[in-house]
Each structure stands twice: as C-alpha cells, then as structure tokens.
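> The residues making up each chain are set out below.
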Amino acid sequence: MKISAHINIKPLNIDLDRIAVEYGPFSMSFNFELEKLIRSIGVNGIINTPLLFDEAGEKLTIISGFRRIKAAESMGMTHLECRVLTPDNITPQECLALNFFENISTRQFNDIEKAMAINRLSAHLKNDEVKDEYLPLLGISPSKRNLELYKKIDSDLRDEIRMQLAKGKIPIKVIREMLEMDNETREELFKIIIGFGLNNNQQRNLIDFTRDLASIKGISLRDVIGRVAGEDIGCEHANLPQRARSLMKKLKGLRYPKLSESEARFSRQIKRLELPKEVRIGASPFFEEPYYHLEIMFKDGIELTRQLKVIYDAEGIENLGDPWLE
Amino acid sequence: MAKKVIKRVLVEDGTRHHEMTGRILGQVEGLNILDIGRDEATFDMEHGCKMGKDTMHLLSYRGEFLKPCPGTKNYICCGYQILNVATNCPIDCSYCILQSYFNQPNLRVFVNLEEELEGVLAFIDSNPQKIFRVGTGEFTDSLAIDSITGWSDLLIPSFSKRKNAVLELKTKTTEIRDVLDSPFRDRIIISWSLNSPFITSREEHRASGLKQRLKAAQICQQDGYVVGFHFDPLIVHPGWKNGYLRTIEMMEKYLDPERIIWISLGSMRYIPSLKEIIRKRHPGTCILDGEFVQGLDGKMRYFKPIRMELYRFMRENLEKWHPRLGLYLCMESDEIWSRTMGWSPTDSDGLKAFLDGRVMEIFG
Numbered sequence: 001m002k003i004s005a006h007i008n009i010k011p012l013n014i015d016l017d018r019i020a021v022e023y024g025p026f027s028m029s030f031n032f033e034l035e036k037l038i039r040s041i042g043v044n045g046i047i048n049t050p051l052l053f054d055e056a057g058e059k060l061t062i063i064s065g066f067r068r069i070k071a072a073e074s075m076g077m078t079h080l081e082c083r084v085l086t087p088d089n090i091t092p093q094e095c096l097a098l099n100f101f102e103n104i105s106t107r108q109f110n111d112i113e114k115a116m117a118i119n120r121l122s123a124h125l126k127n128d129e130v131k132d133e134y135l136p137l138l139g140i141s142p143s144k145r146n147l148e149l150y151k152k153i154d155s156d157l158r159d160e161i162r163m164q165l166a167k168g169k170i171p172i173k174v175i176r177e178m179l180e181m182d183n184e185t186r187e188e189l190f191k192i193i194i195g196f197g198l199n200n201n202q203q204r205n206l207i208d209f210t211r212d213l214a215s216i217k218g219i220s221l222r223d224v225i226g227r228v229a230g231e232d233i234g235c236e237h238a239n240l241p242q243r244a245r246s247l248m249k250k251l252k253g254l255r256y257p258k259l260s261e262s263e264a265r266f267s268r269q270i271k272r273l274e275l276p277k278e279v280r281i282g283a284s285p286f287f288e289e290p291y292y293h294l295e296i297m298f299k300d301g302i303e304l305t306r307q308l309k310v311i312y313d314a315e316g317i318e319n320l321g322d323p324w325l326e
Numbered sequence: 001m002a003k004k005v006i007k008r009v010l011v012e013d014g015t016r017h018h019e020m021t022g023r024i025l026g027q028v029e030g031l032n033i034l035d036i037g038r039d040e041a042t043f044d045m046e047h048g049c050k051m052g053k054d055t056m057h058l059l060s061y062r063g064e065f066l067k068p069c070p071g072t073k074n075y076i077c078c079g080y081q082i083l084n085v086a087t088n089c090p091i092d093c094s095y096c097i098l099q100s101y102f103n104q105p106n107l108r109v110f111v112n113l114e115e116e117l118e119g120v121l122a123f124i125d126s127n128p129q130k131i132f133r134v135g136t137g138e139f140t141d142s143l144a145i146d147s148i149t150g151w152s153d154l155l156i157p158s159f160s161k162r163k164n165a166v167l168e169l170k171t172k173t174t175e176i177r178d179v180l181d182s183p184f185r186d187r188i189i190i191s192w193s194l195n196s197p198f199i200t201s202r203e204e205h206r207a208s209g210l211k212q213r214l215k216a217a218q219i220c221q222q223d224g225y226v227v228g229f230h231f232d233p234l235i236v237h238p239g240w241k242n243g244y245l246r247t248i249e250m251m252e253k254y255l256d257p258e259r260i261i262w263i264s265l266g267s268m269r270y271i272p273s274l275k276e277i278i279r280k281r282h283p284g285t286c287i288l289d290g291e292f293v294q295g296l297d298g299k300m301r302y303f304k305p306i307r308m309e310l311y312r313f314m315r316e317n318l319e320k321w322h323p324r325l326g327l328y329l330c331m332e333s334d335e336i337w338s339r340t341m342g343w344s345p346t347d348s349d350g351l352k353a354f355l356d357g358r359v360m361e362i363f364g
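The listed protein sequences correspond, in order, to chains A and B.
Be aware that the first sequence starts at 1, since it is given in this note's numbering, and climbs by one per residue.
Be aware that the second sequence starts at 1, since it is given in this note's numbering, and climbs by one per residue.
Treat the hints with caution; some may be incorrect.
Once the Cα atoms are required to be at most 30 Å apart in a straight line, the calculated BS3-like pairs of lysine-lysine come out as [said to hold, decoys possible]:
id : chain 1 : residue 1 : chain 2 : residue 2
1  : A       : LYS173    : B       : LYS53
2  : A       : LYS169    : B       : LYS320
3  : B       : LYS299    : A       : LYS151
4  : B       : LYS275    : B       : LYS241
5  : B       : LYS280    : A       : LYS217
6  : B       : LYS280    : A       : LYS144
7  : B       : LYS299    : A       : LYS250
8  : A       : LYS10     : A       : LYS36
9  : B       : LYS352    : A       : LYS126
10 : B       : LYS299    : A       : LYS249
11 : B       : LYS320    : B       : LYS253
12 : B       : LYS170    : B       : LYS275
13 : A       : LYS258    : B       : LYS299
14 : B       : LYS275    : A       : LYS173
15 : A       : LYS173    : B       : LYS299
16 : B       : LYS73     : A       : LYS252
17 : B       : LYS280    : A       : LYS173
18 : A       : LYS252    : B       : LYS241
19 : A       : LYS169    : B       : LYS280
20 : A       : LYS167    : A       : LYS252
21 : B       : LYS275    : A       : LYS250
22 : B       : LYS280    : A       : LYS152
23 : A       : LYS191    : B       : LYS275
24 : A       : LYS167    : A       : LYS36
25 : B       : LYS280    : A       : LYS252
26 : A       : LYS191    : A       : LYS249
27 : A       : LYS173    : B       : LYS73
28 : A       : LYS191    : B       : LYS280
29 : A       : LYS249    : B       : LYS280
30 : B       : LYS275    : A       : LYS249
31 : B       : LYS275    : A       : LYS169
Non-contacting residues of chain A with respect to chain B, defined by C-beta distances greater than 12 Å in every case (computed) [as the list claims (entries may be wrong)]:
id : residue
32 : GLU33
33 : GLU55
34 : PRO92
35 : GLU94
36 : SER260
Simulated from the structure, these hints should not be mistaken for lab results.
Note that the Cβ used here is the ideal one computed from N, Cα and C, for glycine as well.
Sequences are here, hints too, so could you generate the full structure?
Right under this line is the structure:
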C-alpha cells in the first residue's frame, strides 16, 4: 500500500492515554528538541495528523508522528486527531518503511536514530538488503561491518552512552572500539571520557594510547584503562579542558617517552633563550625534518633590526640543537 | 611449501587459453578448481581475518607489467622496477602492507605474463643506456609458489641474456629447486628478507626459519648465484640488538660476502589504516609497540633517533664482517643517511646510481 492511500483514512479524535508514547517498533526518534514543534503546534495546530497502528492490543502503536504526539502531550493536550490503520490495510513492515521514508526525506538522523532504523529494518528485511539499500540512504558506507556496528549500537549501549553519541559528543569510531570492549572496560572508558570532558580527538588518542600501552606492558586493556581512570593528574584547580590536556600529556609521555622527552627538552631550550613574544622558534612535527624555523613579527625595519639583534645576542642560542640527541 | 598451502584454484573467465594457466593447472591436480566470472572473487573480505591465502586466483592483468616502484615522497628511493607477476602472498607476516589490500583477496597470479613479457623486454632493450633493476618480490613472494607458477623458468633465461637489466627474486622461503635447475646465472639475484630470530619466528608466519633461509642462500651462492638481503622491516623488540647480531653472525657463518650484491636496511613503517588491521589479524604482535610518528610521507615510522640507532647498529656490525656489502637505506632521508651511514646519495638519483654501480661491479 502506498502512503497516498492513507490520506483518505478519516482522522479520529484519539485519547492520548490510548497511545503507547514510548520507543515502539516503528520509532526512530532519539534526543530531539520539542521547543520549535510546540510553538508551531501552538500557532498552526497539527497540520499532518499522526499515523497509528491498531493491532487490537491495549494501546495504539505510533507509526509516524512520535514527536508531534510527545509535543501535544507536553502541551497538556488530552486528545489528538490521528489516522488509525489496522493489519487489514498495512503490514508492520510497511509501517516501518512508511515512517523511515517520511523521516529520512525531511531531516538528518543522528547515529542512535540510524541504529534504531537499521535494527528495526533488519527485523523484517534480509541483511544484504538493509546493507545495500538502506545504509547509503542513512549516509553510511554499505558494509557488513557497519551494519553490525549499528545493530550493536541499538542493542548493546546503555542510555547514557547513547545520549552522548546522539549529541555527537562521542565519535562513531570511539563507539566502535567501545563495543569491542567488555562491559567493565567500556564503563571505565566512558567514565574517563565524561569525567575529563575529552574532545573527539582526545578520545581517539585515549583509545589508541591505552591499547598500545596494554600491548607494550603485556597487561589487559581493562587494567590500563582502570589505572588511567584512577590517575591523579595533580591539577585540582584546573578547568575541565586543562585537566583533559594534562591527562593526555601524561598518557602521551607513557606511550611516547622519547618523543615526549625531546619535545619537553626543546621547549626548555627555547624558553631558556628568553626571546621576546614576537619571536618564535619551532620544529617540524616530531622533528622529522632536519630544519627548525624562526618566525618574527615586526612592524617595520627598525623593529625587525631590534628583534634580530635580540636573537643574535640571546645567550645560548648557538647551543640550540636536536633535542633528541641529548 | 606451495602445494601444501594452496587449497583451491579459481580460474577467471577468459584465462584458460593462456599457456601458463595450463601449466599451473597441471601442477595442482587434485585440488578444488573453480571457473569464475570476471571480478567474481572480490567477495566480502571486510576486516575479515582471511585474505584468501590458500586460494590461487588465475587471471589476466590488465595494467602495465613493468612499473617503477612507487617509492615514497620526501624520502630517498632506489629507482627499482617492479615486474607485477602476482599480488598477495601465501606467507603471513604481521607487518605486511598487503594486508590492507582487502578488496582484492586471494593469491592473484597473472597468467598473461608470458605474452606480456615480450613487451617488457622490448621496453628494456629500447633503453640500452639505462640499467633496470627488476624484481618480482614487492607484491608477492618471488619463490613461494614458484614450483606451481614456473616464474623462474620463464623469467631467468630472458633476463640473464640482457646486459642492461638484473632480475631480483626476493623470498622468505627455501623454494630454490627450480632456480637451481636453471642453467643461467648471469644478471640474476636471489634475495632473502632477513630479520632477528625473534621476529622471524614470531611475526613471519608460514615463512621458512632464519637458518633455513641462510642455508638456501649459501646453496645458491655455492651454485654460482649472486645473492642479496633485505633487513626490512627492522623492528625494535626486546633484546633486538642481540637478535640482529645473531642473524649477522649466522650470515658470517653461511655466506661469502664477496658474492652479496646489496643489503638493504629499512625500519618498520606502515600506512595509518594498517594498524587496526594488524591489531585484529595479529593480536599479541609486538611490531606496533615502538614509538611511531607520522613521517613526511604520511606513513608511520619510528621516531628519528630510534631509526638512527637501528641503522647505526646494523651498519657497524655488518661492516665489521665485510666493508663492501652494498648497504643502503630504503625510503630514508638525506639527514638519516648522512648521520648513520657516513655518506649520503643525497637524492633518489644518487641512490639509483650507487645501486647501478653495484650491478656493474658484480656483473660487469
């Protein structure tokens, strides 16, 4: 049955108590804002009536209009005009497809919504069909690995982690890694991510460093992450980003001792020169290039001459050299 | 080794008429042989741990057979030429770059080689002023399946006749029977990849043991072949200095240094996407434990002082054995060359000239 066939179904005034307002078998909405929708309903009413499914159960299941119904509920409405379909005129699979296409054509899905859609579609369709036809519609590369990942996101993650993923606070690559961990390790890692407010890049580095450290030290990832979680980074008065940077610096020092020591030594060398703030000396990433660079900010030739003289006279400048040689 | 490893053969549509197909199928009687359509073998390998190492896939290669080694940007490369006879490898080294070629599984053997070889040789002949250092061991092991493919039978006579080319057959095996049966020796180099005993036994799965490789090299040398060696990748691991010393001591025991054309040194490096694959396919590997940083070519490589320590150590100890072994660095910078080798070819042209010089010195 095509959606156009449902337009002719006469809307009924439904008591909101009769509707199962929770994540049902067709829903794919998670972490949404109702403010704008409430204002729209306040001005225009509900233009597009929700579709419900009556399986002769105690409650009516939402096919589409989950947000509208939630908004109506929070506006204190008790009844709402809805179109009600029954198994005589639509199958559950068609209900799901209907809601999917209605949503995908009008808005972006967050990762949890994508996972919800994929898991629900997988209950009715073959894996290959979901992979090849639906993953690209969701902006996901069509692979078996991605299909399995999103199914696990929907089934294995607890709500607090799901919320962070939906908000984009944890990148999908990190979630993929978390899903491969045992529950305890995953929870410890989540605690670190939230506790230190790590950004996406720091989260990826955290996983990379801890995995490597586990291999180097011959201990389990759980042990490494457990130790990091209990780490005293010694900056009580620092704000969250500062604490995050301190943690990552400490971890980097453990993972890359020679490089970290060289970088620190180079910083000390430069600091000792006591150059003015308009003069900067830097190295290529990881000292891979044989050269260092000098940057001078100046307003005119007189100032440039003055800066050059300061550099020339800087005590110990001739000793500046490869910090990794010491 | 070959016949034990290969469990089935896929024959791609349109390849039965090649003579090489017939010869190969004659060698694998009794195995499961399947005819398949073009591109049918690109089955789903996504991060699966299998790479089809037990499946030989016979197909026609539609690209250029002889290509310059892609090398790497911003580092000095040697100007090597790759003769692309096959891709993928029955050996399963944890560090192998081929693991990232998952979209093309199986041991892909190009059965139109014989027909295309004429063009390759004509190209070499049309550039008499240039020395072609050609190898088949970049995208596969040159000898691991030689008893099935007959590559050495086909290639050695053609290259041995040419004054402006050498053919290097690079391996981690002891599959030298067909090579030894060949009456040709001139302009042919049989090479082995070497490592410490620890890395060899732990990270080079299905490869021959170190001692066996060196004994095979000894046999080849004694039978008149020039040999080469490649310490690539050098890997920092517990007791690495002692490990590499042991390998050098074994070389001293089995080999005549005068009949070694070159020994390359290259430290462990990898494209960033390979790390995840290695962790999945080889849990427990130690090859990723070092301090890797992103190099100027985007590949991960050891932090500079670590690379320098590796190269210096190898150079000092190899040169204690013999001062003229044709030592060179693979994909390194002018700075590293100068600081570790005592000289630098300055750029890729310089390194090419050095290695061409070794060819002239050894083969005339």
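> All the hints need checking, so say for each whether the structure fits it.
Hint by hint, here is what the structure shows:
1. The suggested pairing of LYS173 (chain A) with LYS53 (chain B) holds, with an alpha-carbon distance near 29 Å, which does not exceed 30 Å.
2. Taking the CA atoms of LYS169 (chain A) and LYS320 (chain B), the gap is about 57 Å. The hint is violated against a cut of 30 Å.
3. Between the alpha carbons of LYS299 (chain B) and LYS151 (chain A) the distance comes to roughly 33 Å, so the proposed pair goes past 30 Å and is violated.
4. Of the supplied pair hints, the one linking LYS275 (chain B) and LYS241 (chain B) holds, its CA atoms being roughly 25 Å apart against a limit of 30 Å.
5. Restraint check for LYS280 (chain B) and LYS217 (chain A): satisfied, since their Cα atoms lie roughly 18 Å apart, inside the 30 Å limit.
6. Only pairs whose Cα atoms come within 30 Å are accepted, and LYS280 (chain B) paired with LYS144 (chain A) is accepted, the gap being roughly 16 Å.
7. Between LYS299 (chain B) and LYS250 (chain A), the direct Cα distance comes to roughly 25 Å. Compliance with the 30 Å bound is thereby established for this hinted pair.
8. A C-alpha spacing of about 27 Å is found between LYS10 (chain A) and LYS36 (chain A), which places the hinted pair at or below 30 Å, so the restraint holds.
9. Taking the CA atoms of LYS352 (chain B) and LYS126 (chain A), the gap is about 56 Å. The hint is violated against a cut of 30 Å.
10. Between the alpha carbons of LYS299 (chain B) and LYS249 (chain A) the distance comes to roughly 23 Å, so the proposed pair stays at or under 30 Å and holds.
11. Taking the CA atoms of LYS320 (chain B) and LYS253 (chain B), the gap is about 14 Å. The hint holds against a cut of 30 Å.
12. This hinted pair checks out: LYS170 (chain B) and LYS275 (chain B) have alpha carbons roughly 25 Å apart, not beyond 30 Å.
13. For the proposed pair LYS258 (chain A) and LYS299 (chain B), the alpha carbon gap of about 19 Å is at most 30 Å, so the pair holds.
14. Simply put, LYS275 (chain B) and LYS173 (chain A) have alpha-carbon atoms about 14 Å apart, close enough for the 30 Å limit, and the pair holds.
15. Distance check on the hinted pair: LYS173 (chain A) and LYS299 (chain B) sit about 20 Å apart at the alpha-carbon level, within 30 Å; holds.
16. Between LYS73 (chain B) and LYS252 (chain A), the direct Cα distance comes to roughly 28 Å. Compliance with the 30 Å bound is thereby established for this hinted pair.
17. Under the criterion of a C-alpha separation no larger than 30 Å, the hint pairing LYS280 (chain B) with LYS173 (chain A) is consistent with the structure, at around 15 Å.
18. For the given pair, LYS252 (chain A) sits about 26 Å from LYS241 (chain B) by alpha-carbon distance, which is consistent with the 30 Å threshold.
19. Restraint check: the Cα-Cα separation between LYS169 (chain A) and LYS280 (chain B) comes to about 26 Å, which is no more than 30 Å; the hinted pair holds.
20. Under the criterion of a C-alpha separation no larger than 30 Å, the hint pairing LYS167 (chain A) with LYS252 (chain A) is consistent with the structure, at around 27 Å.
21. Only pairs whose Cα atoms come within 30 Å are accepted, and LYS275 (chain B) paired with LYS250 (chain A) is accepted, the gap being roughly 23 Å.
22. Restraint check for LYS280 (chain B) and LYS152 (chain A): the C-alpha separation of about 19 Å stays at or below 30 Å, so the hint holds.
23. The hinted pair formed by LYS191 (chain A) and LYS275 (chain B) meets the criterion: a straight-line CA distance of about 26 Å does not exceed 30 Å.
24. A threshold of 30 Å between alpha carbons decides the hint, and for LYS167 (chain A) with LYS36 (chain A) the separation of about 18 Å falls inside it, so the pair holds.
25. With a CA separation close to 23 Å, the supplied pair LYS280 (chain B) and LYS252 (chain A) stays within the 30 Å bound.
26. Straight-line distance between C-alpha atoms of LYS191 (chain A) and LYS249 (chain A) comes to about 18 Å, which keeps the hinted pair within the 30 Å bound.
27. For the hint linking LYS173 (chain A) to LYS73 (chain B), the alpha-carbon distance of about 29 Å falls within 30 Å, and the restraint holds.
28. The suggested pairing of LYS191 (chain A) with LYS280 (chain B) holds, with an alpha-carbon distance near 25 Å, which does not exceed 30 Å.
29. About 27 Å separates the Cα atoms of LYS249 (chain A) and LYS280 (chain B), which keeps this hinted pair within 30 Å; it holds.
30. Note on LYS275 (chain B) and LYS249 (chain A): the hinted pairing holds, with a Cα-Cα distance of about 22 Å set against a maximum of 30 Å.
31. Under the criterion of a C-alpha separation no larger than 30 Å, the hint pairing LYS275 (chain B) with LYS169 (chain A) is consistent with the structure, at around 25 Å.
32. GLU33 (chain A), annotated as away from the interface, keeps every beta carbon of chain B farther than 12 Å; the closest lies near 36 Å.
33. In this structure GLU55 (chain A) is separated from chain B by more than 12 Å, as the shortest Cβ-Cβ distance comes to about 37 Å.
34. Listed as a non-interface residue, PRO92 (chain A) keeps its Cβ farther than 12 Å from every Cβ of chain B; the least gap is roughly 29 Å.
35. With a least beta-carbon separation of about 30 Å from chain B, GLU94 (chain A) lies farther than 12 Å from that chain, consistent with its non-interface assignment.
36. Not every CB of chain B is more than 12 Å from the CB of SER260 (chain A) (nearest about 9 Å), against its label as outside the interface.
In this structure, the earlier hints numbered 2, 3, 9, 36 are contradicted, and the remaining ones agree with it.
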